[in-house]
Amino acid sequence: MYTPNDHPAPSSAMPPAGFSAPFARVVADYVVAQGLDAAPVHQALGLGNAQLNDEHLRVPSARLAQALAVAAHLCGDPHAPLRIASFVRPAHLGSLGYAVMSVASGGDGLALFEQLQALLCTEIRGHHQVVGQAIETRQELLGPVPRSTEFWIFFVAARLGFARWVSGRALVPVRLDLPCPPPADPRPLLQFVEAPVRFDMPQCREVMPVDWLAWANPNADPAVHALMSSQAGQRLQALRHDAGEAVAQLRQQIAHSLRTEGQVPPLEVLAQRLAQPGAPGAAASARQLQRRLAEQGLNFKSLVEQVRREQALNDLEHTDLPLADVARRAGYADTSTFHRAVRRWTDQTPLAVREQARQRIGASPR
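Residues 16 to 381 in our numbering are what the sequence shown spells out, letter by letter.
Keep in mind the hints are simulated off the structure, nothing from the lab. Bear in mind that the values here come from a model prediction, so they are computed numbers and not experimental data. All C-beta atoms, glycine included, are put in the ideal place defined by N, C-alpha and C. Mixed in with the good hints, there may be bad ones.
Here are the computed lysine to aspartate or glutamate pairs in the EDC-like style, where the Cα-Cα straight-line distance is at most 20 angstroms [what the hints assert, rightly or not]: (1) 316 <-> 129; (2) 316 <-> 155; (3) 316 <-> 370; (4) 316 <-> 276.
Restraint-style ranges between C-beta atoms, simulated for each label pair [stated by the list, open to error]: (5) 149 <-> 185: 14 to 24 angstroms; (6) 373 <-> 234: 49 to 59 angstroms; (7) 239 <-> 50: 27 to 37 angstroms.
Turn these sequences into a full structure, and let the hints steer you where they fit.
Below, the structure written as structure tokens:
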């Protein structure tokens, strides 16, 4: 007999990444709804029934993929992951689910979900952009996410199914790209999506009509939205606070590398430096640092850009270093690239930024 204590949640300075436990609970909920014993699913997820209600616990994507395969075997249905996705409701997403459910429009829901997505998962991070008449969402992998067909079908079907449930509309995407092999029989998925699906792609990408941003939400409720958004925001702040120390140390390593080397090494090298004896804080792998950055709403590229910007503007405003030296200390190989970066940040030239700072200092009371 399986009990929750058979697989206690690990405890460490760097907690496991993955999906929130209540979201993973949907697999067990579906199996129970079929009149079956969900203990094998709990075993695969590594959490007992009570633990799956705890929003602070995480289920790695590899375990979720395993649980989906177990559920398909128990149900005798190879398409069970697709059907499980239709079971996802706000309760499985916690405060994030209720906040998204009560937004005013599709665009508001997409923006809010992207802002708070670390509450749902810290191994995958979505980025959307509007390109012409389409919305393109690309899923960035922040951990060892498996190329499991069951997992990726469940992942995209849950997103699409939840959007349809919230909007009350038969939303049809333009195309889906999945980074996994095709199922033996793709017809049920194609019938559900009602759009082309490409398999074995390098990245998960969802292409949707731009008019999805404009639909009015029939479940819009300003009072519920304010309450749930506040709760979700507080949870995200707590998550980011836990991640803050690791990110702060990484930021210091980036700044030090820029000043001493004129460039930033790969994240793997910085992780090794942080793990050296005498380095502050707990050791972390590059993957773990990526997840910590995601919890802060960042990625490595954006953090490097922030540090370079701070370094460059500080040197322009508070030193008399030649522009070539300022550019080098910020990691720019030539001044023309540096000029373009400063103009992008400030809409001014480097010399104008320096002169404005001097005027401001001269005008300040002594």
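Quick rundown of the hints versus the structure:
1. Only pairs whose Cα atoms come within 20 angstroms are accepted, and residue 316 paired with residue 129 is accepted, the gap being roughly 18 angstroms.
2. Between residue 316 and residue 155 the CA atoms are separated by roughly 13 angstroms; this keeps the pair inside 20 angstroms, and the hint holds.
3. As the CA atoms of residue 316 and residue 370 are separated by approximately 29 angstroms, the hinted pair breaks the 20 angstroms bound.
4. At roughly 18 angstroms between alpha-carbon atoms, residue 316 and residue 276 fall within 20 angstroms of each other, so this suggested pair holds.
5. Remark: the range hint 14 to 24 angstroms for residue 149 to residue 185 is upheld by a beta-carbon distance near 18 angstroms.
6. One distance hint, 49 to 59 angstroms for the beta-carbon pair residue 373 and residue 234, holds here, with the actual separation near 55 angstroms.
7. Separated by about 34 angstroms at the C-beta atoms, residue 239 and residue 50 satisfy the suggested range of 27 to 37 angstroms.
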